[in-house]
Amino acid sequence: MTTMTCIRPENLDEAVDFLHHHGPDTHILAGGTDLMVDLRSGKHHRPYLLDTSRIDSLKTVQISDDLSRLSIGSGVTLTRINTLPLIKDHAPALHKCSFTFASRQIRNMATIGGNVAHASPCGDTIPPLVIHEAEAVVANKDGNRNIPLLEMNKGAYQSALHPEDLVVKFILQARQPGFSDFQKIGRRKALATSRMSMAVMADKDSQGCISFIRFSLGACTPTPQRMHDVESLFTGKIPSVKLINQGAGLLAEKMVEITGRRPSITYKEPAVQGLFKRMIYPMVTWCRQ
Amino acid sequence: MSNDRYHTVGKSILRRGAKERLTGNPIFCADMEPENALYLKAVRSRHPHAGILGIDVSSAMSVPGVVQVFTAKDIPGKNLMGIINKDQPLLAEDKVRSLADPVALVAARTPGAADLAAAAVSVDYDPLPAVFDPEEAMAQDAPQIHAKGNVMVQKKVCRGDVTAAFDKAHTIIEKTYRTSAIEHTYLEPDAGIGFPDEDGTLVIYASTQNPHYDHKEVVSLLGVEDHAVRIIQAATGGGFGSKLDMNVQGFIGLALYHLKQPVRYVYTREEAFLATAKRHPFVIHMKTGADETGRITAMQMKAVCNTGAYGSYGIAVASRAAVHATGPYAIDNVNLECTAVYTNHPFCGAMRGFGTPQMALAHESQMDLHARALNMDPLEIRVLNGVKKGTVTATGQVLTDSVGFQDCLTAVQPEYEKAMKGWLSEPTPAYIRRGVGIGGMWYGIGNTGVQNPSTARVAMDREGQVTLFTGCADIGQGSTTVLSQIAGEALGLDAMDIHVVVADTKYTTNAGATSASRQTYISGNAVKQAADKLADVLLTEAVNYLKIRKSDLRLENGRVFDSRHPEKQVAFSRLAPRILDKGGELSWQGYFDPETVPLHPDTGEGIPYSTYAFACHAACVEVDVLTGETSVCRVIAAHDVGKAIHPENVIGQICGGVAMGVGFALMEEFVPGETISMNDYHIPTAADMPCVIPIIVEASEPSGPFGAKGVGEPALIPTAPAIINAVTHALGKRIYALPASLERVLDASIASGHFNNCYQES
Ligand SMILES: Cc1cc2nc3c(=O)[nH]c(=O)nc-3n(C[C@H](O)[C@H](O)[C@H](O)COP(=O)(O)OP(=O)(O)OC[C@H]3O[C@@H](n4cnc5c(N)ncnc54)[C@H](O)[C@@H]3O)c2cc1C
Numbered sequence: 001m002t003t004m005t006c007i008r009p010e011n012l013d014e015a016v017d018f019l020h021h022h023g024p025d026t027h028i029l030a031g032g033t034d035l036m037v038d039l040r041s042g043k044h045h046r047p048y049l050l051d052t053s054r055i056d057s058l059k060t061v062q063i064s065d066d067l068s069r070l071s072i073g074s075g076v077t078l079t080r081i082n083t084l085p086l087i088k089d090h091a092p093a094l095h096k097c098s099f100t101f102a103s104r105q106i107r108n109m110a111t112i113g114g115n116v117a118h119a120s121p122c123g124d125t126i127p128p129l130v131i132h133e134a135e136a137v138v139a140n141k142d143g144n145r146n147i148p149l150l151e152m153n154k155g156a157y158q159s160a161l162h163p164e165d166l167v168v169k170f171i172l173q174a175r176q177p178g179f180s181d182f183q184k185i186g187r188r189k190a191l192a193t194s195r196m197s198m199a200v201m202a203d204k205d206s207q208g209c210i211s212f213i214r215f216s217l218g219a220c221t222p223t224p225q226r227m228h229d230v231e232s233l234f235t236g237k238i239p240s241v242k243l244i245n246q247g248a249g250l251l252a253e254k255m256v257e258i259t260g261r262r263p264s265i266t267y268k269e270p271a272v273q274g275l276f277k278r279m280i281y282p283m284v285t286w287c288r289q
Numbered sequence: 001m002s003n004d005r006y007h008t009v010g011k012s013i014l015r016r017g018a019k020e021r022l023t024g025n026p027i028f029c030a031d032m033e034p035e036n037a038l039y040l041k042a043v044r045s046r047h048p049h050a051g052i053l054g055i056d057v058s059s060a061m062s063v064p065g066v067v068q069v070f071t072a073k074d075i076p077g078k079n080l081m082g083i084i085n086k087d088q089p090l091l092a093e094d095k096v097r098s099l100a101d102p103v104a105l106v107a108a109r110t111p112g113a114a115d116l117a118a119a120a121v122s123v124d125y126d127p128l129p130a131v132f133d134p135e136e137a138m139a140q141d142a143p144q145i146h147a148k149g150n151v152m153v154q155k156k157v158c159r160g161d162v163t164a165a166f167d168k169a170h171t172i173i174e175k176t177y178r179t180s181a182i183e184h185t186y187l188e189p190d191a192g193i194g195f196p197d198e199d200g201t202l203v204i205y206a207s208t209q210n211p212h213y214d215h216k217e218v219v220s221l222l223g224v225e226d227h228a229v230r231i232i233q234a235a236t237g238g239g240f241g242s243k244l245d246m247n248v249q250g251f252i253g254l255a256l257y258h259l260k261q262p263v264r265y266v267y268t269r270e271e272a273f274l275a276t277a278k279r280h281p282f283v284i285h286m287k288t289g290a291d292e293t294g295r296i297t298a299m300q301m302k303a304v305c306n307t308g309a310y311g312s313y314g315i316a317v318a319s320r321a322a323v324h325a326t327g328p329y330a331i332d333n334v335n336l337e338c339t340a341v342y343t344n345h346p347f348c349g350a351m352r353g354f355g356t357p358q359m360a361l362a363h364e365s366q367m368d369l370h371a372r373a374l375n376m377d378p379l380e381i382r383v384l385n386g387v388k389k390g391t392v393t394a395t396g397q398v399l400t401d402s403v404g405f406q407d408c409l410t411a412v413q414p415e416y417e418k419a420m421k422g423w424l425s426e427p428t429p430a431y432i433r434r435g436v437g438i439g440g441m442w443y444g445i446g447n448t449g450v451q452n453p454s455t456a457r458v459a460m461d462r463e464g465q466v467t468l469f470t471g472c473a474d475i476g477q478g479s480t481t482v483l484s485q486i487a488g489e490a491l492g493l494d495a496m497d498i499h500v501v502v503a504d505t506k507y508t509t510n511a512g513a514t515s516a517s518r519q520t521y522i523s524g525n526a527v528k529q530a531a532d533k534l535a536d537v538l539l540t541e542a543v544n545y546l547k548i549r550k551s552d553l554r555l556e557n558g559r560v561f562d563s564r565h566p567e568k569q570v571a572f573s574r575l576a577p578r579i580l581d582k583g584g585e586l587s588w589q590g591y592f593d594p595e596t597v598p599l600h601p602d603t604g605e606g607i608p609y610s611t612y613a614f615a616c617h618a619a620c621v622e623v624d625v626l627t628g629e630t631s632v633c634r635v636i637a638a639h640d641v642g643k644a645i646h647p648e649n650v651i652g653q654i655c656g657g658v659a660m661g662v663g664f665a666l667m668e669e670f671v672p673g674e675t676i677s678m679n680d681y682h683i684p685t686a687a688d689m690p691c692v693i694p695i696i697v698e699a700s701e702p703s704g705p706f707g708a709k710g711v712g713e714p715a716l717i718p719t720a721p722a723i724i725n726a727v728t729h730a731l732g733k734r735i736y737a738l739p740a741s742l743e744r745v746l747d748a749s750i751a752s753g754h755f756n757n758c759y760q761e762s
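Same order as they appear, the protein sequences are chains V and S.
Here the first sequence is numbered in my numbering, starting from 1 and rising by one per residue.
Here the second sequence is numbered in my numbering, starting from 1 and rising by one per residue.
Treat the hints with care, as some may be off.
[Stated by the list, open to error] Estimated spans, in silico, between C-beta atoms of each pair:
1) S:His-146 <-> V:Glu-151: 52 to 62 Å
2) V:Asp-203 <-> S:Phe-132: 49 to 59 Å
3) S:Asp-94 <-> V:Lys-43: 30 to 40 Å
4) V:Lys-154 <-> S:Arg-21: 42 to 52 Å
5) V:Val-37 <-> S:Arg-5: 47 to 57 Å
6) S:Met-678 <-> V:Glu-151: 28 to 38 Å
7) V:His-45 <-> S:Glu-33: 22 to 32 Å
[To be verified] Just a sample of chain V residues kept apart from chain S, beta carbon distances all over 12 Å, derived:
8) Arg-8
9) Glu-10
10) Glu-14
11) Ser-41
12) Ser-57
13) Glu-151
14) Ala-160
15) Asp-165
16) Arg-187
17) Leu-191
18) Pro-222
19) Met-255
20) Ser-264
21) Ala-271
Source of the hints: derived by calculation from the structure; they are not laboratory data.
All C-beta atoms in this analysis are idealised placements derived from N, C-alpha and C, irrespective of residue type, glycine included.
Please work from the sequences and hints to get the whole structure.
Encoded structure:
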């Protein structure tokens, strides 16, 4: 057992300044629901723990005046994602993912920033963030920079963040889509890491053809993926069972291309198609309304 | 039987110990912090099978804060443990047989120092070839794990002529079933503390299911006199069978013996996962034959169970599995055999049901397969075959009383039919298929064909205060409450007015293990006998005092009164000194040993248990044919408990049993060497729980206290088979291996065509 010094900055500048001097020796602590588990398992030993929970500016949620950009502070908890009307309206798939995320107790602590920074392939907020083409705003002593969500992870559990970096917020392309969903498969109904997750949002034109679609697959691949091929297949078409089956096949093919054939693929290859069908099938009726 | 005739039996009174738990009293070992206690930590093997060439503790001893590092040579007595067969050393001597095996024990001033020192103990291993598959372990040239060979035991039950019966059978079904190793995952990881008393007694508080066994074992390890060791059961946060073994008790005893200073050992969840027993994984080959009416006429069963590196309760698991293979059905011709085999997996031991839950998967699947082959309803085939009064079991025992299986079937029938007719045909999304399944079970109360007595003492002091002394460990199921009710009923007292002294080897006598669903029945009888003896002494004295004949006297509210003229009465507090002054006895011992006859080694003939519990569950499930996700929506659970002494406790056992059954059916699988903790081992959460409809059936047991039998293990047994039968009903494709995980259910859905046909192209 080693001792750690806990630092509790009251504002962003103090935090950034501390990280500038001690970044590589510091764990950033948000809700702690990943970090405490990692610390207990003895994976890391760094002398400092930087607790971000007092930094109010990390907890804001705002929509731009033209409603095009939604900004969500890295310290926003999943419970708030579950309850804020702004998120429900402008990022509905993100809102939906908060229902099946861990358990109520964990959601009260867990933050969106921690979920992304942990770089787990299974982070449930990732597919919803990807379909909103989110970027992380990252601060360090040199100023702020934006990292697209798709570039946040170098690999499974390998974040692209530097030790001096603090994620401040996420900027999402806000949208109130006609159709949106998030679905996941876990080994049980609560407190289950996603074996697979996916998020979608879409709009249709007056003919019922898909005019806009974003789709992302989570947990199956080492890094976040937006599935452009699947999106293209649907764009301009009226969803039918045939099209959905085709989309499911294409998705599985793309997934296998990325992951190769590991033993878990025996389940994942059909399941990814099954979950896709389950999620997309309601579009058939929606487009005909 | 109506509860009105009882004073406290049949009433769900406040549970003993509830207040202490709710107000956070330090009653669990992890919360007890004796001053200057040293922290203990076992060093465990790095190899599943290896010789030990040498152990070097010198660098561990030089870690600051380390007080001592013990190895096998520090054990003064016999370094061998095991409740049935002694094959497990406290600390490994010449070899290790699994990754869980302890080779050294560190005592240090801080947990950190203990961890560092444990890592610094250097063991020179000579790795040996290891074997993990029990069927492979039975091969001639397999690595030998124990000197006596890898086959630990083989139990057989034979009756009638199986070959002839199969020849005549109309339908024969032959299948292989597999179950997984299961971790008990009790709420409280194993824990204990110890300190030397003023008179030098080594006092050990432990989270345990069997303090009197612990006592015997610690005494033997240390080679000391009985009175030199005192074991007290601390509040125990669940056990489910795993706390029947010596988990921390031996380590604490060893350190206390040498250091004469307070010590504590609290397992982390990881250590509880690695180092304690698992449920035996089974491979079961079962063949059954039925005539054209659906009557099962023959069963052949060969099972192999993997006991891992040590026996623990493995022999009991093997014999119970063989005896229970038929399920609660009358089958005249049987050939049943269960073999328990050593491998290099961490050891398996007792877990809620001792092999019966594994067997129930097989016999309940076979039942449904026969029903399907003959186009019968699953409930109907069970009614046809189910045991009744007069049925002769596989071991040749005639069931005479308290045979409530048919009553359980009748009890679930209305809900079952509602589900089959209404719920099944309600509209659902295309990807959801619904199914309804039945699971039946029987369970012999107490140990199999061996003596397993319990004792108790009920004493009254001069002031008329009654104290119950029982060695029975209450592990959360509420036995102390139930035993108080039994004593209270016999003496006409409120259960809460009786003082209790529980599971403390200095003051209580042996009540045997809290296992085999035996405490209400066996210890209940011992308590009742002691209380009845005391009651009789009080009545005798009251006759003299009131001048009224005994048969007219009753005991109630701490007094004896004339049932015809209740105003004629005398308080216990008046009677007690009169009795004592005459040299009478107010402290009475009770003893009860259920009537059993040892099973014949070749045929299994005998009387394994004096009574059986019965149950039937019906499960309603929804299967997602696209992903393999299964939801258990509803479980109707009827249990024949003889008599529910405390109905809420019975319901608690049923609901908890269903939860455990859901885990066994759908998600739990301990993979040695891979599964580390609750992070990768899934047990059901509240969200996974179905709506449970418990139904208490009371087929009174004449030999039971107020007619009671037991329910602890039965509660779990029918759930998994009911769920598997329901999933099969939903998909039209059967799953033969537990757990019915996402992967297995999706496989079945694909094979049945539902996956592909879910949405039709128009
Ligand atoms: C029982 C249980 C169930 C769970 N179930 C789910 C689930 O269903 N779905 C899911 O997606 N996850 C789940 N998780 C994982 C975890 O809860 C989430 O990943 C959560 O979002 C992490 O957020 P946090 O605030 O707790 O992060 P922390 O644990 O505080 O931090 C996580 C990581 O992010 C870093 N970090 C935190 N904030 C910042 C920042 N502002 N800038 C830079 N780095 C930062 C930390 O240094 C650390 O490496 C579960 C965890 C547990 C224990």
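Each hint, compared with the structure:
Our hint of 52 to 62 Å for His-146 (chain S) and Glu-151 (chain V) holds, since their Cβ atoms are close to 57 Å apart. At about 55 Å, the CB distance of Asp-203 (chain V) to Phe-132 (chain S) agrees with the hint of 49 to 59 Å. Between Asp-94 (chain S) and Lys-43 (chain V), the C-beta spacing of about 35 Å keeps the proposed range 30 to 40 Å intact. The hinted window of 42 to 52 Å between Lys-154 (chain V) and Arg-21 (chain S) holds, with their beta carbons roughly 48 Å apart.
For the pair Val-37 (chain V) and Arg-5 (chain S), the beta carbons lie near 56 Å from each other, so the given range of 47 to 57 Å is met. Our hint of 28 to 38 Å for Met-678 (chain S) and Glu-151 (chain V) holds, since their Cβ atoms are close to 34 Å apart. Between His-45 (chain V) and Glu-33 (chain S) the CB atoms are about 27 Å apart, so this pair conforms to the stated range of 22 to 32 Å. For Arg-8 (chain V), the requirement that its beta carbon stay farther than 12 Å from each beta carbon of chain S is met, with the minimum near 25 Å.
Remark: the non-interface label on Glu-10 (chain V) is consistent with the geometry, its nearest Cβ contact in chain S lying 32 Å away (cut-off 12 Å). Annotated as non-interface, Glu-14 (chain V) keeps its C-beta farther than 12 Å from every C-beta of chain S; the closest such distance is 31 Å. Annotated as non-interface, Ser-41 (chain V) brings its C-beta within 12 Å of a C-beta of chain S; the closest such distance is 9 Å. The Cβ of Ser-57 (chain V) sits about 33 Å from the closest Cβ of chain S, beyond the 12 Å cut-off, so the non-interface label holds.
The non-interface label for Glu-151 (chain V) is consistent with chain S: the shortest C-beta to C-beta separation is roughly 28 Å, beyond 12 Å. Chain S leaves Ala-160 (chain V) outside its interface by the beta-carbon criterion, the shortest separation being 25 Å against a cut-off of 12 Å. The non-interface label for Asp-165 (chain V) is consistent with chain S: the shortest C-beta to C-beta separation is roughly 27 Å, beyond 12 Å. Taking the minimum C-beta to C-beta distance to chain S, about 5 Å, the non-interface status of Arg-187 (chain V) is violated against the 12 Å cut.
Look at Leu-191 (chain V): its CB is around 5 Å from the nearest CB on chain S, not clear of 12 Å, so calling it non-interface is violated. Every CB of chain S is more than 12 Å from the CB of Pro-222 (chain V) (nearest about 19 Å), matching its label as outside the interface. Annotated as non-interface, Met-255 (chain V) keeps its C-beta farther than 12 Å from every C-beta of chain S; the closest such distance is 15 Å. With a minimum CB-CB distance of about 9 Å to chain S, Ser-264 (chain V) fails to clear the 12 Å threshold, and the non-interface call is violated.
With a least CB separation of 5 Å from chain S, Ala-271 (chain V) falls inside the 12 Å interface cut-off, contrary to its annotation.
Of the numbered hints stated above, those contradicted by the structure are hints 11, 16, 17, 20 and 21, listed in ascending order.
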